[in-house]
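Take a look at the letters that make up each chain.
Number of protein chains: 2
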Amino acid sequence: MAELRRDPIGGRWVIVDTDHPTKPEDFEHESHSWRGGVCPFCYGNEALTPPEIESFRDPHTSPNTSGWQVRVVPNKFPALQIEGDLDRRGLGIYDMSNGVGAHEVLIDTPYHHKDIPDLLNEEIEKIISMSCRRAVDLGKDKRFKYIMIFKNYGPAAGASLEHPHTQLIALPMVPKNVMEEIKGAHNYFEYRERCIFCDIIRQETQEKERIILENKYFLAFCPFVSRFPFEIWIIPKKHNSDFSHLPPEEIPALASILKETISKVKKVFANPAYNLIVHSSPVNGDSGGVEGYHWHIEFMPKLTRVAGFEWGSGFYIIPTPPELSAKYLKEVK
Amino acid sequence: MAELRRDPIGGRWVIVDTDHPTKPEDFEHESHSWRGGVCPFCYGNEALTPPEIESFRDPHTSPNTSGWQVRVVPNKFPALQIEGDLDRRGLGIYDMSNGVGAHEVLIDTPYHHKDIPDLLNEEIEKIISMSCRRAVDLGKDKRFKYIMIFKNYGPAAGASLEHPHTQLIALPMVPKNVMEEIKGAHNYFEYRERCIFCDIIRQETQEKERIILENKYFLAFCPFVSRFPFEIWIIPKKHNSDFSHLPPEEIPALASILKETISKVKKVFANPAYNLIVHSSPVNGDSGGVEGYHWHIEFMPKLTRVAGFEWGSGFYIIPTPPELSAKYLKEVK
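Protein chains in written order, with the working numbering: chain Y, 5 to 337; chain B, 5 to 337.
No wet-lab data here; the hints were simulated from the structure.
Given the structure is predicted, the values throughout are model-derived calculations rather than measurements.
Partner residues aside, some chain Y positions facing chain B, computed with beta carbon under 10 Å:
1. Asn102
2. Gly103
3. Thr308
4. Gly318
Covered by chain B, according to a simulated footprint, are these stretches of chain Y (three or more residues, beta-carbon under 8 Å):
5. 13 to 19
6. 83 to 92
7. 157 to 171
8. 175 to 184
C-beta: ideal position from N, C-alpha, C; glycine also.
With the rest of the complex left out, here is chain Y:
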């Protein structure tokens, strides 16, 4: 019989198919197909992006020329724009606002075909450091309440360019799911005076069966209440609500666990599309209740396509139990 599981943070129930679990080879494999054309993220094409905001680059090279390792530019087609004050107003029963915010693209690497598993640890550390720097910088703007950092890899995951990149969106409000996560964690904290994420780490470390990888500072595991098959969380073992203030000594450990985790996923599935989302605390907040919140990364390979239904209903059926996903990922060399 299938199993129903309840997310202890948000209270969502999901159905886990423990009877006929879907094996990795049963998921349909989709090859990535890209539009051709000149890549604006490759060396020599720097003029094809808006002028860079920040970069790590070889000394004696100039902005907007090659010689960079990580490069941040404004998104050419931003979802939100940086100019102007937030202007909230009503429209009968509805509420609206102008689209103030920021939308930046962090080009992960000069190499068009190198995703995280193909990079050196030091190169991944640069992506992480730059993400933190940009989050800190954007957070200084008092109009913004949340800095969302995420990565879409592959067209099936929503990427429109092949060259690996990460996106940052600064929002004038905290997204609903983030707010719910924070509230859920805060309720638990009020009741137990403990961080729910720390308690999850404790239970997962004890039970072991959903853990994929572990190092001094981080844990990678398939959450008990996953919403997607082979969903993975990467979480710092030491309590910290804010990704952008990641202690420098934790950066190499994060780079290494990220690289190893995604390598494992790519060995189980042939180069699947994926989404990676950093869940971190809001900025400039009187949003309250960040107590008990704990930053983490949610990683989701794009294996199934039952989108609209789950989207619309909030009701998830997980074809592969997380215990089994973790087993596959753990065992692959």
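Assemble the complex: chain Y is given as a structure, and chain B must be docked to it using the hints.
What follows is chain B alone, placed relative to chain Y:
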């Protein structure tokens, strides 16, 4: 500049791209590709499904033979199973339960290639009547708290069989998104003593620009805070919280607006995959607060694939403003 809009029911903010709206021809078209094999839903293959639960069929024909117009069978691979009592228990920090529920498939028509726009109004009325009958019947089981009725059309929308069909899942708990919708509507009702959906109908009818179709009993419109491009709601004009107790005189009007709406979508897009979800009040409820709730259908053509990110963050970017979607749909003949 883009526009931020807030859903008055759930409080979710979305970004609407009013600057560079995506036109219908800009969405990538995906052709449906199906696995071959004998169709278990066609006439003559009745033995390939579990025995039928109920059907509308020609007099003098026997169950599980041809001669039916609409046929309901248990799902061969059910997400939940009908036997047993609900057994909720804790597992450390987590909560779980066995998978008690029901999962039925309503075969819409004997015709393998006829979707709703290709059927006669009377045939669609039979699908609606049977959906209501099954929902009423499943609702008699006191273990169930919610009857979810939905339709996935096309592989991109999660359908695994080509032959048009509808699904019913009876759940031992109310799904999170439904609960939020009910709570949001109830809060509004407590504050204003009016149904928020009735107020939305009033405002949309006044503003007109998002309305696609209207008849005596129903309205089809693109909601002000859509989460998907070309999302459409079909809502009864007369307040009613429960789809399964649809007044008989409204059934022909619903069949006709459904047929016309989906026909329009199929004229704007070449036979797109879609999801259709009935949002109705819970059953056997002490869930409270159904006051102010109003049943409706949410229809979402599957045009974009930016799934995981929105899924994971709850943060939606709408490439086509609903006003523009409604205009395209209204104008197509």
